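One letter stands for each residue in the lines below.
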Amino acid sequence: MIVEGSLVDRDAFHARTGWDVKPEGACKAEVCVPLPADAYADEGRIDVAVVAKKLGMPVVADEVHGLTALGPETAVTGRVLTSARAPELVLPDAHGNPFRLSSLLGQKVLLVAWASW
Amino acid sequence: MWQELRTELHPLGLEIVTVALDVEPDDARPFIEAAHPDHPSLIDSTHRVDELFGVVNVPNGVWIDEEGMIVRPVEPAHPGLNPVTESFRTIDLSTLPPDVAQILEEARKIKSDPDVYVTMLRDWVERGVRSVYALSPDEVISRSQPRPTGAATAAAHFELGEYLHRTGDHAAAIGHWSEAHRLQPDNWTYKRQAWNFEDPVRQGHTDAYEGSWYEDIKKIGAENYYPPIVP
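Read top to bottom, the protein sequences are chains C and D.
Sequential numbering from 1 applies to the first sequence in my numbering.
Sequential numbering from 1 applies to the second sequence in my numbering.
Quick caveat, the hints were computed from the structure, so don't treat them as lab data.
If you're wondering where the values come from, they're calculated on a predicted model, not measured in any experiment.
Please note: incorrect hints may appear among the correct ones.
Quick list of the computed label-pair ranges, beta carbon to beta carbon [what the hints assert, rightly or not]:
1) Thr-7/D to Ala-37/C: 50 to 58 Å
2) Val-100/D to Asp-42/C: 40 to 48 Å
3) Asp-93/C to Lys-109/D: 45 to 53 Å
4) Ala-15/C to Glu-24/D: 35 to 43 Å
5) Cys-32/C to Val-84/D: 45 to 53 Å
6) Arg-100/C to Ala-34/D: 52 to 60 Å
7) Ile-220/D to Ile-2/C: 25 to 33 Å
8) Asp-199/D to Gly-5/C: 44 to 52 Å
Yeah, the Cβ is synthetic: ideal placement off N, Cα and C, and Gly gets one too.
Can you make the complete structure from the sequences, with help from the hints?
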């Protein structure tokens with residue numbers, strides 16, 4: 001996730017990382033990781049460095065271009081999946097229309113990655 | 001190729017969603033249009049599925065049940081014999097330029113298990129949770145890709161590279177993509193995507209990157225390009 005500044009909108013963080021910051025901690029599916037009080041900055045925003053540290057998310061800064069990116073979590077299971085619940089995935093189709101993976105609840109889904117290269 | 005399986009299995013309750021890992025959506029679009037898919041065919045220009053599901057190569061597949069639970073994490077997913085790679089087997093290599101011949105020679109050694117994969121898929125579609133191929137949540141997590149700090153840091157570098165490339169600074173993207181390759185060497189989607197910008201199709205050695213498709217596959221052994229399917 002590309003982040004600007006030290007405070008990040010909670011909803012944007014949730015949409016991009018799958019981690020929902022609630023009063024009880026950062027939660028993904030059935031997993032909740034308690035957060036220290038200073039993780040909660042102000043209304044609707046979180047201190048991204050504090051949350052990243054608790055979730056084991058690397059923070060990579062590109063000082064030349066003034067950019068910072070947050071990697072995915074490593075702290076809970078040490079695997080890519082923190083929960084077996086499928087994360088939400090919203091991607092455009094070939095016409096640019098957004099498609100939500102969760103719109104297929106109720107059907108079995110085979111998600112296949114391929115590439116032109 | 002996925003469309004054929006979709007036609008067979010959609011009436012039985014399976015939807016297929018294809019995700020093209022193409023930083024340039026225009027590269028994927030002609031293939032999607034030519035396939036006339038009935039299923040959702042998405043474009044993932046930031047390789048989001050690498051981070052979310054653990055995709056490291058293509059084709060890779062994930063099974064998700066009706067409740068939204070992953071029942072098989074990322075693994076090689078071949079819908080059948082690939083006509084392109086199969087055609088490599090019958091080409092007379094002596095008629096080709098030596099660098100192309102050596103690439104095809106390695107490509108011929110790549111192993112895939114389309115029969116096993118499609119048999120497993122049909123079984124799951126028919127039996128659902130009773131299929132032996134549908135794994136428990138604990139097993140799904142433990143079989144998902146490992147994520148040491150290096151792999152997570154690689155994802156951040158890949159994203160920075162994609163952002164810089166998209167905003168017009170391709171030269172700066174190369175530095176971040178090189179770092180992603182170094183930190184997660186088994187992620188072929190990061191490598192092949194980047195190599196392809198410098199040398200399309202052959203993905204050969206250039207000044208931009210340390211590796212190339214040929215050099216890197218020689219290093220691991222072409223027979224290890226896809227891990228074996230563990231039913």
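Exercise. Look at the Cβ atoms of Ile-220/D and Ile-2/C and judge whether their distance stays inside 25 to 33 Å.
Key: At roughly 31 Å between Cβ atoms, Ile-2/C and Ile-220/D fall inside 25 to 33 Å, so the hint holds.
Quiz item: Quick one: are Ala-15/C and Glu-24/D within 35 to 43 Å, going by C-beta?
Solution: Distance hint for Ala-15/C, Glu-24/D is violated at roughly 24 Å.
Quiz prompt | C-beta pair Thr-7/D, Ala-37/C: status relative to the range 50 to 58 Å that was hinted | solution = With a Cβ separation near 55 Å, Thr-7/D and Ala-37/C satisfy 50 to 58 Å, so the hint holds.
Quiz item: Would you say the C-beta atoms of Arg-100/C and Ala-34/D sit inside 52 to 60 Å of each other?
Solution: Roughly 25 Å apart at Cβ, these two residues miss the hinted range, so it is violated.
Quiz item: So does Val-100/D sit 40 to 48 Å from Asp-42/C, Cβ to Cβ?
Solution: violated, 59 Å
Quiz prompt | Beta-carbon spacing of Asp-93/C to Lys-109/D - inside the hinted bounds 45 to 53 Å or not | solution = violated, 35 Å
Quiz item: Are Cys-32/C and Val-84/D spaced within 45 to 53 Å by their CB atoms?
Solution: holds, 46 Å
Exercise. For Asp-199/D and Gly-5/C, compare the CB-CB distance with the range 44 to 52 Å and indicate the outcome.
Key: violated, 38 Å
Of the hints listed earlier, those the structure fails to meet are numbers 2, 3, 4, 6, 8, in rising order.
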